[in-house]
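J.: Below are the chains, spelled out letter by letter.
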Amino acid sequence: MSHEKNVCICRCEEVTEGEILRAIEEGARTVKGIKIRTQATMGLCQGRTCRRLIVNILSKHVDINDISKLEIGIRVPVRTIKIKNFIYDEGKGYE
Amino acid sequence: MSRKTDIVVIGGGVIGASITYYLSKRGKKVILVEKKDFAFGSSGACDQMIFLQTKNPGIHLELAIESKKMYKNLEKELNHPIEFQTIGGMVLIETEDQMRVMKEFVKRQKETGLNVEILDIKDGSKIQEGLSPDLVETTYSPDDAHVNSLELIKGYIKKAVTFGTEVLVNTEVIGIRTKNGKVKGVETTKGTIGCEVLVNAAGSWAPVIGEMIGLDLPIRPRRGQIILTEEVPPYIKHDIISANYITAKYSLDRSFDNDVLGKLGVGLAISQNHRGNIFIGATREFAGYNTETTREGIRRILKHAGKLIPGIVNFNIIRTFAGLRPYTPDGLPIIGYVDEVEGFFIAAGHEGDGICLSPVTGKIVSELIIDGKTFIDAKLLNLNRFRHLT
Amino acid sequence: MGEEIIKKSQVVVIGAGPAGLCAAIEARKAGATVLVLDENDRPGGQLFKQIHKFFGSGKHWAGLRGFRIGENLLKEAGQLGVKILLNAEVYGIFDDMTVGYIRNGVEKAIKGERIIIATGGIENALPFPGGTLPGVMGAGGVQTMVNIHRVLPGKKILMVGSGNVGVIVSYQLMQAGAEVVGIVEAAGRVRAYEVHLNKIKRAGVPIYTSHVVKEAIGKDEVEGAIIARVDDNLNIIEGSEKHLDVDCLCIAVGLNPQIELPYIAGCKFSYIPERGGYIPVFDENMETSVKGIYVAGDVAGIEEASIAMEEGRLAGIACAGSLGLYDKETEEKLKKEVKKILRAMRTKHDSRIIHSLTGIPSNDRFEKGPVAVIECKEEIPCNPCESACVFGAIKVGEPITNPPVLFEEKCTGCGRCIPKCPGMAIFLIHKNYTDKTSLIKFPYEYLPVPEKGGLVSCVNRNGEIISRGRIIDIKASKKDDGTKIIAMEIPKEYFNDVRGIQIRGDGI
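Residue numbers (the numbering used here), protein chains in the order written: chain A, 2 to 96; chain L, 929 to 1318; chain V, 565 to 1072.
Keep in mind that the hints were calculated from the coordinates and are not lab data.
Predicted model only: the values in this text are computed from it and were never measured.
We treat Cβ as the ideally placed atom computed from N, Cα and C, and that holds for glycine.
It is possible that some hints are incorrect.
[As the list claims (entries may be wrong)] Chain A is faced by these chain L residues, among others (derived, beta-carbon under 8 Å):
#: 1; residue: 1090
#: 2; residue: 1230
#: 3; residue: 1239
#: 4; residue: 1242
#: 5; residue: 1246
[As the list claims (entries may be wrong)] Over 10 Å on every C-beta distance to chain V, these chain A residues come out as not near it, computed from the model:
#: 6; residue: 18
#: 7; residue: 23
#: 8; residue: 25
#: 9; residue: 27
#: 10; residue: 28
#: 11; residue: 50
#: 12; residue: 63
#: 13; residue: 68
#: 14; residue: 76
#: 15; residue: 77
Just chain A, with the same shape it has in the complex:
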């Protein structure tokens, strides 16, 4: 519930509610469609903060009951990983 269209929705990429609404006007009907037009969810937190907010905004334009239609874009890894984590001495074995 925001009261001004320049309120920040995606903090990582500084995308405002106004930009998201514009993306919807241009035809975006999914979180991914909004992402492609605005870069929302592409930042460091990968949408952890803003995904729910974007879905809320979308809910006024599309039926959000079926999550599979929304391309919400959650992907591996759900926690950051580094290349370093995958390089280890094979000889030492695992676990």
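Since the structure of chain A is provided, determine the placement of chains L and V on it from the hints.
T.: Then chains L and V, alone, in the frame of chain A:
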């Protein structure tokens, strides 16, 4: 809801958007139909490279060089920032075997006009930090480049719309209307669109459209898993690939998929975009239309990357994704009209070269459709070259 | 590259919070090999920062502080031989039931025949102008800061949201020495349990219902906030703006299930806003639409810790049964018990019903001597008061969501029940202590504790100072785990109004 237009372009990726732009620029009335939304296919799940060095010397490299020339002015032409950068490219050589192959490959590339040299790894490390000292050699070409595929599509579309193009997203083509062997229009989930010409630029999904007129297109989705880091300060100063990327892509009989190295077909491709994310890719696997990333794919890519460029091992990885390259049996796209139905034009099968060949594809398609000819021998890219396979 | 050999476990539990630990315990009791993975450096999930006493069934540690429940669960898990890996960040679940995680800087994988995802909930963000200023924080984060790290996020806090989290964290902020300048709630009334709210009201915290944050102001950090009244459509009413002097906004506007892992594992979802948003679909065994993958706790719908624990137990039992470690009959019997408890905890005739005052003694009884006064009339799944009374004077019965009933003739006024109520809603009133004064005994969890013999300012249920009182006695029994019982003498005319003292005050 019924519409009528000159040309319907199917597919909202870098190929469809480019074709739409070049056609509309020359005055054609175009309607672009996209099943989901822009860049929902391979164009939104790829690295961003315009890597001339990986193109097979011959028609492939010729097309790439021409395409890159077109890129130079594209940003101004489209009046939209596409983050095109001639950043240069390096092919990292790990073994003596690769050294021998690359020496031959570079010789052929130079003959086709590519600006490329082989450096020893000490000199290579001067232009790119963090490389493994165990590398044997590296190539360097100042001509390789990259771009932002999403912004590219946006730019093409924006400009095309000013030329009168209509864009329909969330619109699926469900049938093709023909009469007396000629295209009459398309049926979509938002109604019928009458047209004389239909361009199938649906990438990995081109066969689905082809089936609608009984065509069995030799295009298969070939998955490439890619790993993305957080935004970091500029580190990858030139786009980098590993020599076995070339092996993976151009094994002589293209049956390498069965061999030990190539089951996953891992060849490394590393680049950094404008915002600082580093793309680390990629696998080459046939996995149907599945776009999941696998633990095996992630492990192999990262182990290889860490081995070649130890300098990046501490960067945080925030995402993995997978794109479906439209694979063809000879690694070249299928561009041209088909014999079966008049007015049905294919422009698909760019397997990993879509970004690079996007402008030149638009040029070729618009010239073939409007002028009946283009600057290369159109037979080389026509579907007919695969007739012996069916 | 050599062939990797991935270790296996019959059950892999992701998340060592209340749901995960209970699931692991049940699976282990049946004899399964169980591995629990948790990304934190201490297990217990939300429990380890919950310093208040929990509601729930007396049989399942109701009345214990959250972190004590965590300690108990850990002990039980340890005794059973459940393996818990801490600092293990699960980054993905892959086909064929492989769980990838990072621990000690090394990537590892474990294959589970069954996987129980108990990853809990994540806070909702609230977008508003100034919402990205330093000083705007989530209530969960504030709770960790204050309760674990003993750091205050600010000195003057505006709490946004009046659910249980918002109200409990407000209470804990005050315990920690901060001033809660107010609580704003967009709805027309407070959403937290009444007993939680009453603690806040007694402390004199202003509650602004039908209000929202219009803006957080400040240059480099929060220096103040503008709140405003809203109409029924949640639109701001012009001219109703009010400036509050705060240095921190604490956002407590709801939790969502943390569904990243079920999503990438391919589970199907339903959209259920009352439970927090998208919930993985699960059956009566807590199994999702992906065979072999179960969920339990907040990830399966935001509810209470006590429900999380029971869901965990259900998932653990079901996993064990599906692995053949229980015969059908035993499995059904064990599941039935748990489902009964879950049903009881979820029974609400009307989730906001306020029963008639059944915990309040009659006027006659007040005259006869000291008596308990239970100011708890809402349906909460909670019954430690019932077992606290050795005289049988307090009855909750079944389901345990029933509000407590006081059998005044059995009540001896001993006061045992006071510290046992997690909601701090029980008082002992001795109306006729002397001719002119009454004695009230009430629970107290603030510091500093007032001096015995000293004079204090007394507050009513709304935190208004209405009289003076004298501290007669302060009891601090170890088994009350930090809750003090203060006996205070007050003027008799206020026996039914005084319910606490001004915190850290020093007089009218």
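J.: All the hints need checking, so say for each whether the structure fits it.
T.: Hints, one by one, checked against the model:
no., hint, verdict
1, 1090, "violated (15 Å)"
2, 1230, "holds (4 Å)"
3, 1239, "violated (10 Å)"
4, 1242, "holds (6 Å)"
5, 1246, "holds (6 Å)"
6, 18, "violated (7 Å)"
7, 23, "holds (16 Å)"
8, 25, "holds (16 Å)"
9, 27, "holds (21 Å)"
10, 28, "holds (23 Å)"
11, 50, "violated (5 Å)"
12, 63, "holds (12 Å)"
13, 68, "violated (4 Å)"
14, 76, "violated (7 Å)"
15, 77, "violated (4 Å)"
Violated hints, listed in ascending order, are 1, 3, 6, 11, 13, 14 and 15; each of the other numbered hints is respected by the structure.
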